[in-house]
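Taken in sequence, the protein lines are chains D and F.
Numbering follows the working numbering, in which position 218 of the first sequence is assigned residue number 221; successive positions increment by one, without gaps.
Numbering follows the working numbering, in which position 102 of the second sequence is assigned residue number 276; successive positions increment by one, without gaps.
Honestly, I wouldn't trust all of these hints.
Said to hold, decoys possible - Example chain D residues on the side facing chain F (calculated, C-beta under 10 Å, incomplete): (1) Ser9; (2) Gly83; (3) Thr85; (4) Pro105; (5) Gly108; (6) Ala109; (7) Ala110; (8) Arg111; (9) Glu115; (10) Gln130; (11) His166; (12) Ser192.
Rather than coming from a laboratory, the hints here were simulated on the basis of the structure.
C-beta: ideal position from N, C-alpha, C; glycine also.
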Amino acid sequence: MQHIISIRDFTRQDLDSFLDRAELVERGGFDPRMLEGKILALLFFEPSTRTRMSFASAMARLGGTSISVDSVEASSIAKGETLADTIRVVSGYADAIVLRHPKEGAARLASEFATVPVINAGDGAGQHPSQTILDLYTIRRSMPLDGLEIGLLGDLRYGRTAHSLAHALSLYDVTLHTIAPPGLDLPLSVVHELRRHGMEVVKHGDVGKVIRDLDVLYVTRIQRERFPDSASYYDVASSYRITPDLLEGAREHLIVLHPLPRVDEIDPAVDRTPFARYFEQSRNGIPVRMALLQEVMG
Amino acid sequence: MKKPEGKHALIVGRIREGTVIDHITAGEALNVLKILGITGTTDECLSIATNVSSGKVGKKDIVKVEGRELRKEEVDRIALIAPRATINIIRDYEVVEKKGVEIPRSLVGVVRCPNPGCISNTSEPIESRFEVVERGLHCLYCDWLITKDITGHII
Numbered sequence: 004m005q006h007i008i009s010i011r012d013f014t015r016q017d018l019d020s021f022l023d024r025a026e027l028v029e030r031g032g033f034d035p036r037m038l039e040g041k042i043l044a045l046l047f048f049e050p051s052t053r054t055r056m057s058f059a060s061a062m063a064r065l066g067g068t069s070i071s072v073d074s075v076e077a078s079s080i081a082k083g084e085t086l087a088d089t090i091r092v093v094s095g096y097a098d099a100i101v102l103r104h105p106k107e108g109a110a111r112l113a114s115e116f117a118t119v120p121v122i123n124a125g126d127g128a129g130q131h132p133s134q135t136i137l138d139l140y141t142i143r144r145s146m147p148l149d150g151l152e153i154g155l156l157g158d159l160r161y162g163r164t165a166h167s168l169a170h171a172l173s174l175y176d177v178t179l180h181t182i183a184p185p186g187l188d189l190p191l192s193v194v195h196e197l198r199r200h201g202m203e204v205v206k207h208g209d210v211g212k213v214i215r216d217l218d219v220l221y222v223t224r225i226q227r228e229r230f231p232d233s234a235s236y237y238d239v240a241s242s243y244r245i246t247p248d249l250l251e252g253a254r255e256h257l258i259v260l261h262p263l264p265r266v267d268e269i270d271p272a273v274d275r276t277p278f279a280r281y282f283e284q285s286r287n288g289i290p291v292r293m294a295l296l297q298e299v300m301g
Numbered sequence: 175m176k177k178p179e180g181k182h183a184l185i186v187g188r189i190r191e192g193t194v195i196d197h198i199t200a201g202e203a204l205n206v207l208k209i210l211g212i213t214g215t216t217d218e219c220l221s222i223a224t225n226v227s228s229g230k231v232g233k234k235d236i237v238k239v240e241g242r243e244l245r246k247e248e249v250d251r252i253a254l255i256a257p258r259a260t261i262n263i264i265r266d267y268e269v270v271e272k273k274g275v276e277i278p279r280s281l282v283g284v285v286r287c288p289n290p291g292c293i294s295n296t297s298e299p300i301e302s303r304f305e306v307v308e309r310g311l312h313c314l315y316c317d318w319l320i321t322k323d324i325t326g327h328i329i
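Generate the whole structure from the sequences, applying the supplied hints.
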């Protein structure tokens with residue numbers, strides 16, 4: 004039984020195989036009745052729009068159906084049931100489980116108690132592997148994954164998408180440029196691990212100084228709650244904002260990605276430039292999640 | 175503690191059957207017992223000596239557990255805090271087996287994850303699980319890495 008819990012569980016070959024399968028799906032190479040009669044349980048104990056809807060959509064496109072719990076309040080967890088028991092019970096109702104939970108490691112625990120495959124759709128500040136795979140997919144649709152200069156910008160300390168993506172990219176020949184406000188840098192333990200994998204990691208304070216050297220700029224949200232007051236948040240957020248002016252002189256093939264939702268990190272005027280690929284990235288969630296559902300249930 | 179006078183004097187008595195853990199890093203005897211799950215509420219008859227002078231290591235702790243032969247996988251867990259410890263299995267007052275400790279590859283239910291957001295710190299029916307890596311202990315649930323004060327995280 005195959006679970007999808009953490010990007011760390013996969014080799015480069017595994018990831019390439021997911022990407023190949025997603026590409027095939029996008030070209031129409033799939034059986035729309037492949038998962039007919041199968042049921043996917045969506046257990047979301049934290050808010051989600053894109054991830055939950057795209058898994059439901061991916062399941063429907065493969066002929067299957069979804070059942071869901073949308074919040075802790077609406078579930079037996081509110082009555083004090085453990086996640087382990089919830090997972091054991093739901094294993095009897097569905098053929099696979101997609102789980103989002105506020106605690107780190109929740110999906111790993113779920114995989115220990117489930118009798119059906121579990122897909123991690125985000126566990127607290129931990130892992131979100133399907134997001135990482137769709138990020139890789141979006142990059143690979145524009146350019147080969149090797150030999151790239153990739154910038155990670157935003158809250159790199161707490162952002163789970165940034166850590167997962169950095170780890171996945173370390174399996175490829177990529178130079179990583181980190182651009183973060185003071186105090187929100189990529190944790191040193193993560194940097195050490197990336198370097199152990201042979202990745203070159205270069206730290207920058209000013210996005211303007213590195214933007215012209217990048218092939219990919221991956222922007223993440225800088226969260227207001229990380230700052231003592233609104234004034235210091237706006238001060239920092241404005242100096243890391245992506246605008247059309249900032250992108251002047253960038254490489255022609257640069258792509259700007261964002262896991263969404265964005266708040267102020269990217270000026271809406273950037274949406275009209277050829278660099279903006281975040282909505283395409285979001286759409287890529289469908290073929291990628293169809294590929295993952297095929298992998299675990301097909 | 176001052177070493178007693180006389181050739182045959184002992185700080186603590188010899189045991190007839192059981193396990194003697196020698197060459198424990200000075201001051202770590204109580205933590206060793208904690209790791210082994212031996213507490214005041216368990217049945218074992220214990221002798222503990224701390225800060226005993228030792229030619230080899232300066233000062234050391236010794237723990238004697240009467241009537242219980244500790245298995246290798248049990249005692250290997252103490253290697254984290256007492257890597258030079260030696261285990262002596264005693265039968266009829268004689269040492270019948272002597273071995274060192276090896277750092278195990280994984281630790282289950284021994285160390286608490288310091289990450290408050292980790293699922294292993296909730297009421298779920300699981301034990302903490304760490305793999306021993308070069309730089310410390312890696313939580314197999316949340317990926318947290320403990321690099322220092324491992325003793326402080328022992329459950």
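Those earlier numbered hints the structure runs against, lowest number first: none
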